[in-house]
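> Okay, here's what each chain looks like letter by letter:
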Amino acid sequence: MKLTGAQIIVESLVKEKVEIMFGYPGGVVIPIFHHLFNAPIKFILTRHEQGAVHAADGYARATGRPGVVIATSGPGATNLVTGIATANMDSVPLVIFTGQVSTTVIGNDAFQEADITGITRPITKHNYLVKDVKDLARIIKEAFYIATTGRPGPVLIDVPVNISNSETEFHYPETVNLRSYKPVVHGHAGQIQKACKLIEQSKRPVVYAGGGVISSNASDELRTFIKKTGIPITTTLLGQGAYPETDRLSLKMLGMHGTYYANHAMHQSDLVIAVGARFDDRVTGKIDEFIPHAKVIHIDIDPSSVSKSVAVDIPIVGDAKNVLAEMNKIVKAPKIDEWVAYVMKMKEENPLTYKDSDVKIKPQYVVEKIYELTKGDAIICTEVGQNQMWASQFYNFSKPRTFISSGGLGTMGFGFPAAIGAQLGVPDKRVIDIAGDGSIQMNIQELIVAVQHRLPIIIAILNNGFLGMVRQWQQLFYNKRYSYTCINFQPDFVKLAEAYGAIGIRIEKKADVIPAIEKALSITDKPIILDFHVDREENVYPMIPAGKSVKDMMMRELA
Amino acid sequence: MSQHVISVKVENKFGVLARVAGLFSARGYNIDSLAVSETESPDVSVMTIVVRGDDRIIEQVKKQLNKLIDVIKVTDHNPENAVQREIVLAKLNVTPSKRNEIYQLAQIFGARIAGVSNKTIILEMVNDPETIDNFIELLRPYSIKELIRTGRVSILKE
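Line by line, the protein sequences give chains E and D. The first sequence maps to residues 2 to 560 in my numbering. The second sequence maps to residues 2 to 159 in my numbering.
Just so you know, these hints were derived from the structure itself, not from any lab. One should not assume that every hint holds.
[As the list claims (entries may be wrong)] For lysine-lysine, the following DSS-like pairs were computed, each having C-alpha atoms within a straight-line distance of at most 25 Å:
hint: 1; chain 1: E; residue 1: K309; chain 2: D; residue 2: K74
hint: 2; chain 1: E; residue 1: K336; chain 2: E; residue 2: K198
hint: 3; chain 1: E; residue 1: K330; chain 2: E; residue 2: K287
hint: 4; chain 1: D; residue 1: K68; chain 2: E; residue 2: K183
hint: 5; chain 1: E; residue 1: K183; chain 2: D; residue 2: K64
hint: 6; chain 1: D; residue 1: K68; chain 2: E; residue 2: K142
hint: 7; chain 1: E; residue 1: K142; chain 2: D; residue 2: K14
hint: 8; chain 1: D; residue 1: K14; chain 2: E; residue 2: K135
hint: 9; chain 1: D; residue 1: K10; chain 2: D; residue 2: K74
hint: 10; chain 1: D; residue 1: K99; chain 2: E; residue 2: K183
[Said to hold, decoys possible] Here chain D is said to cover these stretches of chain E; the calculated rule only asks that three of the stretch's residues, wherever they fall, bring their Cβ under 8 Å from a Cβ of chain D:
hint: 11; segment: 113-127
hint: 12; segment: 180-188
hint: 13; segment: 312-321
[Said to hold, decoys possible] Non-contacting residues of chain D with respect to chain E, defined by C-beta distances greater than 12 Å in every case (computed):
hint: 14; residue: R20
hint: 15; residue: L24
hint: 16; residue: V45
hint: 17; residue: V51
hint: 18; residue: Q65
hint: 19; residue: N67
hint: 20; residue: I70
hint: 21; residue: N82
hint: 22; residue: L90
hint: 23; residue: Q105
hint: 24; residue: N119
hint: 25; residue: F136
hint: 26; residue: L148
hint: 27; residue: K158
It should be emphasised that the depicted structure is a prediction, and the values quoted were computed from it without experimental measurement. We treat Cβ as the ideally placed atom computed from N, Cα and C, and that holds for glycine.
This is chain E alone, in the form it adopts within the complex (with noise of 0.2 Å):
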């Protein structure tokens, strides 16, 4: 049967069993929307393609399946751009159709016309242009296999409107065959056992996991690695959660903010087992100082991610659950009792704290609230800044794909509207966006959709007025010169949320923290903005300035 391309992108879609797409009309889009309507895929009209993306890459996050977005033409796809960039940096798989103007017009300046392949090149990890219909659906294959295999990403496909009205037979291929696409799945037999060696012969091991454990889905094979070897763990910020925080054997998150112990434990290592992280500059900070005595073991499907920053010894490229496996068959415990006895005492006596106040609320205690309150059982979104550090810092993450952040590119916004594709992903659990005055209000307008939609997504803004974690660098490296940083010129929160039909309440008392947090808790059909007034200048800490070594770690405030 012949169909239109329009036709092909749903039916397309509904073989990849999509149950749910993010997105935004527009003119070349209308003959996909036009088929759209009656399909069996719940379609989310977002207030912006910005926040479309954001959602769908919260949806893949919290879900491990891919993303589906689609915006129009020009404007619609440009909108995507931070989105894609976001997804690509934290290797999330989303598929996204954007709309073009008809080839017959394609470089004539068109009405709406953005080149958004060009575009996009460097913020993919593949994208199509459909020159012919008879193509689309061997590229719809394809974008699907190639977004969530490998290291995954998003993968966006630009479809002409002459495209979409095109017909041709549909045929959905069974199959992909890409002569120069084969991610290697399985480590290496002779590097996996070359690794357990090393490991079984370490004196000071330590593993660093980050966001690929989760990726993989290798978090169980993490658990049983670590208890067969008995070895600390540490994790990277999209790490948290790929190890239960609240063991014995987790130093929690390392890097810039990361803890004292974790940082310390790396740099007196003589072995660190990477897994599925990159070594990124907020890990390592000053690369010539980093883990100066360790070996490393590198376990990562992306051969272009081993040897960048650091050296590597031992590299296994493969996918870290398979890999993980296969070392649990082999690997023996290092005699490594004393080394984990002296972690431990640095961990009982360097501990994440602040300087907690009476009067003042400070914004880790409430997230230490948040934490307390839902059990450590949410799925916490973040937005970027210090609100992200505390969350990090003050939340225990235990299981994967419950913390939800954008850790590579660092997008303020992001939080929320992934919040809003978290929560329609997993619907029976509590999604909270721990946010920031700053970052909330660059994706706003998709409360309507939360609202919309009956999602009891809690905004807890951290606000303080400033947008603090840069202010805290200007106070620390800038001689306190506030340049635009402070915006405590803002919109009443409280108003907002009722504007929008949701509820809103303000938090200016330290005693009314856990009353409002616990009142939040009690709503199930609507969203909930949490307007916490918090103490204005605290700071994260610890804190290796940019650059420097854990030699440099700042612990607290200097007086």
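Position chain D against the provided structure of chain E, taking the given hints into account.
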């Protein structure tokens, strides 16, 4: 900063050149020369890229090239393991009285006369890039009006 010759076999499709070139430009690297053509199989193109850069970064770029979906194979070429050739066309301002000198020079280097006018001569030579460099140096005293090179093509010896 050493010179690298990277040979990249790619799917013969639109947009692939931009992807490949983008990996260099995004790192602020200027491509010294680039030659693209079809190969023995019409659906495969080969790009010979000459670029100067830090070894570590070039290594990283090669990994990134391999990561591109449309890239089939990336190989390092050098004068020891590969035959490398370039074509040069040089237009010289030459009056008829000086032609003989030019002819002799051309003969020594195995260059051909590709065109002659009352004021100019166009020389053509195929050779390895170093010989072409030398040839150009010897032409300089004769007032080069215009000069163009194809960029290197390179094929592994085995």
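> Quick check for students: does the CB of V51 of chain D sit more than 12 Å from each CB in chain E?
Its Cβ never comes within 12 Å of chain E, the nearest being 22 Å, so this holds.
> Verify this for me: three or more residues of the segment 180-188 of chain E with a beta carbon less than 8 Å from a beta carbon of chain D.
With 3 residues close enough to chain D, the hint holds.
> Is the nearest Cβ of chain E still more than 12 Å from the Cβ of F136 of chain D?
39 Å, holds
> Is the nearest CB of chain E more than 12 Å from the CB of N67 of chain D?
Nearest chain E Cβ is 7 Å from N67 of chain D, so the label is violated.
> Compute the least Cβ-Cβ separation between Q65 of chain D and chain E, then decide whether it is above 12 Å.
The assertion about Q65 of chain D is violated, with a minimum of 5 Å to chain E.
> Is the Cβ of I70 of chain D farther than 12 Å from every Cβ of chain E?
4 Å, violated
> Take a quick look at Q105 of chain D and tell me if its Cβ sits farther than 12 Å from every Cβ on chain E, holds or violated.
At roughly 50 Å from the nearest Cβ of chain E, Q105 of chain D sits farther out than 12 Å, so the non-interface label holds.
> Verify that the Cβ of R20 of chain D lies farther than 12 Å from every Cβ atom of chain E, and report whether the claim holds or is violated.
6 Å, violated
> For the pair supplied as a hint, K309 of chain E and K74 of chain D, is the alpha-carbon distance within the 25 Å limit?
20 Å, holds
> When you check the alpha-carbon spacing of K14 of chain D and K135 of chain E, does it fall within 25 Å?
16 Å, holds
> Could you check that no beta carbon of chain E comes within 12 Å of the beta carbon of L148 of chain D?
It holds; L148 of chain D is separated from chain E by about 32 Å at its closest Cβ, greater than 12 Å.
> Taking only the CA atoms, is the gap from K68 of chain D to K142 of chain E under or equal to 25 Å?
19 Å, holds
When held up to the earlier numbered hints, the structure conflicts with 3, 10, 13, 14, 15, 16, 18, 19, 20 and fits the remainder.
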